[in-house]
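There are 2 protein chains.
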Amino acid sequence: MQFTLKKEDVSSQARLGYIETQHGNIETPIFMPVGTRAAVKTLTPQNLLDINAQIILGNTYHLMLRPGMDVIEAAGGLHSFMNWQRPILTDSGGFQVFSLSDLNKITDEGVTFRSHIDGTKYFLGPNESMAIQRTLGSDIVMVFDQCSPCPCEKKDVEAALARTLKWERQCRDYDLQAHQNLFAIVQGGTYADLRIQCAKELASLDFEGFAIGGLSVGEPAEMMYDMIDVVEPHLPKEKPRYLMGVGTPRNIIEAVKRGVDMFDCVMPTRNARNGTAFTWQGKVSIKAGKYRKDFTPLDPELDCYTSQFSKAYIRHLLNVDEITGLTLVTIQNLAFYLDFMKALRQSIIDETFNDFYERICAIYPT
Amino acid sequence: MQFTLKKEDVSSQARLGYIETQHGNIETPIFMPVGTRAAVKTLTPQNLLDINAQIILGNTYHLMLRPGMDVIEAAGGLHSFMNWQRPILTDSGGFQVFSLSDLNKITDEGVTFRSHIDGTKYFLGPNESMAIQRTLGSDIVMVFDQCSPCPCEKKDVEAALARTLKWERQCRDYDLQAHQNLFAIVQGGTYADLRIQCAKELASLDFEGFAIGGLSVGEPAEMMYDMIDVVEPHLPKEKPRYLMGVGTPRNIIEAVKRGVDMFDCVMPTRNARNGTAFTWQGKVSIKAGKYRKDFTPLDPELDCYTSQFSKAYIRHLLNVDEITGLTLVTIQNLAFYLDFMKALRQSIIDETFNDFYERICAIYPT
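Residue numbers (this note's numbering), protein chains in the order written: chain A, 1 to 366; chain B, 1 to 366.
Derived by calculation from the structure, the hints in this document are not laboratory data.
Just so you know, these numbers come straight off a predicted model, no measurement behind them.
Backbone N, C-alpha and C define an ideal beta-carbon position, used for all residues, glycine too.
Please note that the accuracy of each hint is not assured.
So the derived label-pair ranges between C-beta atoms look like this [what the hints assert, rightly or not]: (1) B/H116 x A/E219: 41 to 49 Å; (2) A/G282 x B/Q46: 23 to 31 Å; (3) B/Q281 x A/I349: 25 to 33 Å; (4) A/S285 x B/D108: 40 to 48 Å; (5) A/E238 x B/Q46: 56 to 64 Å; (6) A/S285 x B/H116: 21 to 29 Å; (7) A/K283 x B/A162: 52 to 60 Å; (8) A/D102 x B/P365: 18 to 26 Å.
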């Protein structure tokens, strides 16, 4: 994998970059749609190509439970299994193990847990996570880490961090496939000194990219921005930075302003299924009665497949529980997120990032 | 609307035809995907274009309840509302009023009923049904009829038939839009004499096509085939014939063999959502454990978007309740139905209909 830093914004930490992987190239800053269980919910891979998704996410925890790694291995990896030939990033399973499963026991070797589906007992540690992601064949592999909840006492964050740093080294020493690239994850909760310590230590090691994890877990947005500010100076400039699980357009542009390159979040897909559309005019609650006879498109400033349909039609589909409605709003939301990132990249090129930032803050105040 | 009878099979009643409408042309025999509430379930109009659906159905009863006719009227009709520019056939609402709603009262003027959604009271008679379908702007409009259940005593079928014939004449006298075409419906339950009487009377009137209704409502398939045999000689050869709500590939080919040109059924779409695929190799219960590591396509003899995915992947999607799986199987099933109709038409051209009939009977015994 090759990361090229093409341009740095004059008035902020915003960066324009380019990642080359064996499965294709990625322009940064980028948003990565989430395909938890080998599908971006309600969409086909063709829908993702149509909106020019450059990279998507898969989730180790969900895929190890179902279909199970023997199936993915027999399929020849996740790209082949789900018929997606562009880049894939997989997470390590750490976050889900701590947030979704019935935890049995954490040791320095890893975590024993029970599946949230059927109670089956599993063990996942750094070696197991690497083995799974090796089988998945993702282009970007995330280290196995322990996320601290928020709030969390400092001594507990310290303990989790010490364990995480040990695990990250183990992951780094694991033999992945030749085309795979390992990203480190900076943890440390909301403690600036721990974040800095972690970032420094990881930066000294040989990783292909650096993620900031354990944020967007309930802390105020300002605290998240502060943590990025604290960490950023200690991350190598020549490697991509990824803020995990974030967020709103406002969250994203605040992070880009602070030097982050990559993002993923279930918000555009999940909110679509609740009837909330992201548009260039702000959020639209498409089920609202006022759209009953509104035959204008959901987003007159966006050109995507959903633009062919009226608000009245999409509202009708959601009101009568037609799945087609979920698909159309999901296309809208991801197309908007990707168009937003494209406009953001263009603003760095045009040296109008500050104006663009103001525009987004006006449309998406939070 | 222009119907051209292009060829008649030498060894059966099967016919090859061509319908020209203002919204496009239809090759017969044809299968029409059902888009009850202004959407073919789980699909976008683009998916329907990709599988070359030539005409789809909309349902008067469902659309009058939601979104309501004021919305469709404001949209400029159903084509515009749902962004489907090819032909649409709408039913009259009769079948659903009798099968879905809380019936209040049937008179010679029509039916008072309560919505199955929220209990709102409505009145639907021949004039109301025509007014609604005029607003929908469908290319093919169905007369308002009273369906008899099965079994039903002869005197009750006679009474329903008398009322239906009166209603059909009223519908015929209604002033539809210039591009719209009215189809009559032959009723009469499973009583051959009533069916013949009805067919003869309707054939003497000026309709653009003739449907056979009130079948596939629980009677044995043989009885349905018998009723088609009984009715067919009394239908004008130069007009298309439509068997409503039918059915399996076997049902369809039996009806084509008996001179029917048009079909609709929820089976391919509904069964898709239950995990049953229609393929050139027969029905496939795609959730079955034996497909867990089967990386062959669902139907190696069919070329559609779903052919890009493996049985193992589709099985996984259905097992984890990913909507994408429902979409992929729905595409498969409708693509198969349309490919089946195309092959059927080709067999009439090639004068190999009997061989094709034998092949279908072997794959779809029922």
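Would you pick out the hints that fail for this structure and give their numbers low to high? Going through the list in order, the structure violates hints 3, 5, 8 and respects the others.
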